[in-house]
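A.B. asks: Protein chains in written order, with our numbering: chain A, 1 to 383; chain B, 384 to 557.
Just so you know, these hints were derived from the structure itself, not from any lab. Think of the CB as a built atom: it goes at the ideal place given N, C-alpha and C, for glycine as much as any other residue. Please note that a few of the clues may not be correct.
Claimed, not checked - Simulated DEER-style distance windows between Cβ atoms:
#: 1; chain 1: B; residue 1: Ala430; chain 2: A; residue 2: Glu358; range: 25 to 33 angstroms
#: 2; chain 1: A; residue 1: Gly310; chain 2: B; residue 2: Arg461; range: 48 to 56 angstroms
#: 3; chain 1: B; residue 1: Val406; chain 2: A; residue 2: Glu188; range: 52 to 60 angstroms
#: 4; chain 1: A; residue 1: Ser62; chain 2: B; residue 2: Lys492; range: 55 to 63 angstroms
#: 5; chain 1: B; residue 1: Val487; chain 2: A; residue 2: Gly192; range: 32 to 40 angstroms
#: 6; chain 1: B; residue 1: Lys492; chain 2: A; residue 2: Thr118; range: 35 to 43 angstroms
#: 7; chain 1: A; residue 1: Leu76; chain 2: B; residue 2: Thr394; range: 27 to 35 angstroms
#: 8; chain 1: B; residue 1: Gly435; chain 2: A; residue 2: Gly192; range: 39 to 47 angstroms
#: 9; chain 1: A; residue 1: Glu188; chain 2: B; residue 2: His410; range: 39 to 47 angstroms
#: 10; chain 1: B; residue 1: Tyr482; chain 2: A; residue 2: Thr118; range: 31 to 39 angstroms
#: 11; chain 1: A; residue 1: His80; chain 2: B; residue 2: Glu416; range: 48 to 56 angstroms
#: 12; chain 1: A; residue 1: Thr99; chain 2: B; residue 2: Lys533; range: 51 to 59 angstroms
#: 13; chain 1: A; residue 1: Arg201; chain 2: B; residue 2: Phe401; range: 23 to 31 angstroms
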Amino acid sequence: MSERVAIVGVGWAGFRPSTPHQSYKELMYEAAVRAYADAGVDPRSDIETFVTVAEDFHEGTSIFDEYTPDQLGGALKPVHTIGGDGLHGLATGYMLVRTGQFSLVTVEAHSKASNILTLPYITAYAQDPVLNRPLRLNPEYIAGLEMHRYLYETDTPPEQCAAVVVKNKRNALLNPLASFAADLTLDEVLSGPPVAWPLGRHEIAPLVDGAVVMVLASEERARLLTNKPVWIRGIGWCNGSASLESRDWADALHIREAARIAYRQAGIRDPFQEIDFAEVDDTYAFKELQHLEALGICLPGEAGLLTEQGATEPDGEFPVNVSGGSLGVGHLLDGTGLARALEVVLQLRGEAGPRQLEDVEVGLVQSWRGVPTTSGVVAVLSN
Amino acid sequence: MSKQIKDFRGTPLRESDFQEGKVLYVHDALRGEYAWDTGIAIGHYLASLKKGVILGARCDHCRKIVVPPRTVCEWCFRPLTEYVPLQDTGTVNTFSICYVTWDVKRVEKPEIPAVIEIDGASPGHGILHKLGEVNPEDVTIGMRVQAVWKPAEEREGAITDILYWRPLKEVEKR
Ligand SMILES: [Zn+2]
Numbered sequence: 001m002s003e004r005v006a007i008v009g010v011g012w013a014g015f016r017p018s019t020p021h022q023s024y025k026e027l028m029y030e031a032a033v034r035a036y037a038d039a040g041v042d043p044r045s046d047i048e049t050f051v052t053v054a055e056d057f058h059e060g061t062s063i064f065d066e067y068t069p070d071q072l073g074g075a076l077k078p079v080h081t082i083g084g085d086g087l088h089g090l091a092t093g094y095m096l097v098r099t100g101q102f103s104l105v106t107v108e109a110h111s112k113a114s115n116i117l118t119l120p121y122i123t124a125y126a127q128d129p130v131l132n133r134p135l136r137l138n139p140e141y142i143a144g145l146e147m148h149r150y151l152y153e154t155d156t157p158p159e160q161c162a163a164v165v166v167k168n169k170r171n172a173l174l175n176p177l178a179s180f181a182a183d184l185t186l187d188e189v190l191s192g193p194p195v196a197w198p199l200g201r202h203e204i205a206p207l208v209d210g211a212v213v214m215v216l217a218s219e220e221r222a223r224l225l226t227n228k229p230v231w232i233r234g235i236g237w238c239n240g241s242a243s244l245e246s247r248d249w250a251d252a253l254h255i256r257e258a259a260r261i262a263y264r265q266a267g268i269r270d271p272f273q274e275i276d277f278a279e280v281d282d283t284y285a286f287k288e289l290q291h292l293e294a295l296g297i298c299l300p301g302e303a304g305l306l307t308e309q310g311a312t313e314p315d316g317e318f319p320v321n322v323s324g325g326s327l328g329v330g331h332l333l334d335g336t337g338l339a340r341a342l343e344v345v346l347q348l349r350g351e352a353g354p355r356q357l358e359d360v361e362v363g364l365v366q367s368w369r370g371v372p373t374t375s376g377v378v379a380v381l382s383n
Numbered sequence: 384m385s386k387q388i389k390d391f392r393g394t395p396l397r398e399s400d401f402q403e404g405k406v407l408y409v410h411d412a413l414r415g416e417y418a419w420d421t422g423i424a425i426g427h428y429l430a431s432l433k434k435g436v437i438l439g440a441r442c443d444h445c446r447k448i449v450v451p452p453r454t455v456c457e458w459c460f461r462p463l464t465e466y467v468p469l470q471d472t473g474t475v476n477t478f479s480i481c482y483v484t485w486d487v488k489r490v491e492k493p494e495i496p497a498v499i500e501i502d503g504a505s506p507g508h509g510i511l512h513k514l515g516e517v518n519p520e521d522v523t524i525g526m527r528v529q530a531v532w533k534p535a536e537e538r539e540g541a542i543t544d545i546l547y548w549r550p551l552k553e554v555e556k557r
């Protein structure tokens, strides 16, 4: 039975605010063709099982599972769709290989955000229908509540959240997949209009369409297919309290626990020392800071300082979101975690072009499913 | 069975209890609106329907023509780039006679959904539509049918540009 699981192929398509020339199926197909060519496999003869991550309300189709096989090469093969973030799909693919029943697995996640005309209403529907939804608030308020309590408990000033926006959008200037690259000043970020105070408009990742496909392999298959395998050394996921009344508003406890699981598997004791760089969820700017603290990269209240001092810049001690993150690249709804993982894979292979980090061996990727959830995944990858 | 039970345990509820607000419940309606990009293949398909033409796509690898067209052959995973116009006639592969509408109302005159294998496409490749101008009892598997189109000026590039399919009289076609 395979003890180790590797990512042996990656592909992507879209990553733009709208993609009117392609249906979601065509977007998935383009990403899949790229991933299979990258892995050097034929999906019809080689891939044994397929996992897609999709939310029916985002697709506008119930039982979306039925619409995924053809464009991935999965017709008449074992296929299933799960709800969650793309990294939940990576975890599922990892487990499928670890069962010993499958040696090659496809994982896919995507966004056709531009096709959803009423996304705030869809997101609002994730709230408790009896207790919370009747208040008729734009769901961004939940991020505002979290950010306020986070700033309050950690003594983090808003300027340090704005510094995340400046860093990530500037990083995105070197990423051709990024749609929202910019060279902004702190003042420009802070002077943006408030959405759910203290959360401002520039601190919210804009949406993009896109698809990401990854091919996972058992160690034996990976050795035959590639000389650049990226190993999944550990992967954990966790859900916190769903309650909007009694959750911990300042600390991302679910990320803390998911990280503990992933680190235990990977044998990581001191993540700051043993991990070289990270792609973490920055759906909202303060989330990057809150997530870094939950990941154990630093103590609560220190992430903002590290950011301000440049430690999380590409040339800093612990680069974070070299890709530009969701703030710079754009947010891919259910595909966001896989988009972040894509950057980690490219960096570990040494294929990140002008934004390539030097001498990286271990990378961290973390995702969050967005408001109102406390649902997240953490994975440790290495070359 | 239930007639043998004289006293049900619990509190009985009547329709009037709901109407009079004696039972508390919360009502909400989802506002889910979508505008799906049709993309390359289905975009071509719909644009052709507007012109009164049913379009298929050819897979040279599998040596077959599928309908509606798509950009990838699901069987060999090769890209499909060649679109071919097909006939607007075909053969009933399977059908059903529905006495209940989509919103669960019973109807006297049934609807007849059918899968129609399109002439010019490979066997087994058809489209889902409805039959009309036919008595339900006269429909058979293998029946030859022809599309009844909306007037050209009313077509909008949608599957409903074909109103329904009616029995084809081979003589009529010649
Ligand atoms: Zn084919």
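A.B. asks: State for each hint whether it applies.
C.D. replies: Each hint tested on the structure:
1. Ala430(B) / Glu358(A): 25 to 33 angstroms: Roughly 51 angstroms apart at Cβ, these two residues miss the hinted range, so it is violated.
2. Gly310(A) / Arg461(B): 48 to 56 angstroms: Taking Cβ atoms as reference, Gly310(A) and Arg461(B) lie about 50 angstroms apart, which means the hint holds.
3. Val406(B) / Glu188(A): 52 to 60 angstroms: The hint (52 to 60 angstroms, Cβ to Cβ) holds, given that Val406(B) and Glu188(A) are roughly 55 angstroms apart.
4. Ser62(A) / Lys492(B): 55 to 63 angstroms: Since the Cβ atoms of Ser62(A) and Lys492(B) sit about 29 angstroms apart, the hinted range of 55 to 63 angstroms is violated.
5. Val487(B) / Gly192(A): 32 to 40 angstroms: Because 50 angstroms falls outside the window, the suggested range is violated.
6. Lys492(B) / Thr118(A): 35 to 43 angstroms: With Cβ atoms ~36 angstroms apart, the hint holds.
7. Leu76(A) / Thr394(B): 27 to 35 angstroms: Violated, since Leu76(A) and Thr394(B) (Cβ atoms, about 52 angstroms apart) do not stay within the stated range.
8. Gly435(B) / Gly192(A): 39 to 47 angstroms: violated (52 angstroms)
9. Glu188(A) / His410(B): 39 to 47 angstroms: holds (45 angstroms)
10. Tyr482(B) / Thr118(A): 31 to 39 angstroms: holds (35 angstroms)
11. His80(A) / Glu416(B): 48 to 56 angstroms: violated (28 angstroms)
12. Thr99(A) / Lys533(B): 51 to 59 angstroms: Hint holds: Cβ distance 53 angstroms, inside 51 to 59 angstroms.
13. Arg201(A) / Phe401(B): 23 to 31 angstroms: violated (44 angstroms)
In summary, the numbered hints that this structure violates are 1, 4, 5, 7, 8, 11, 13.
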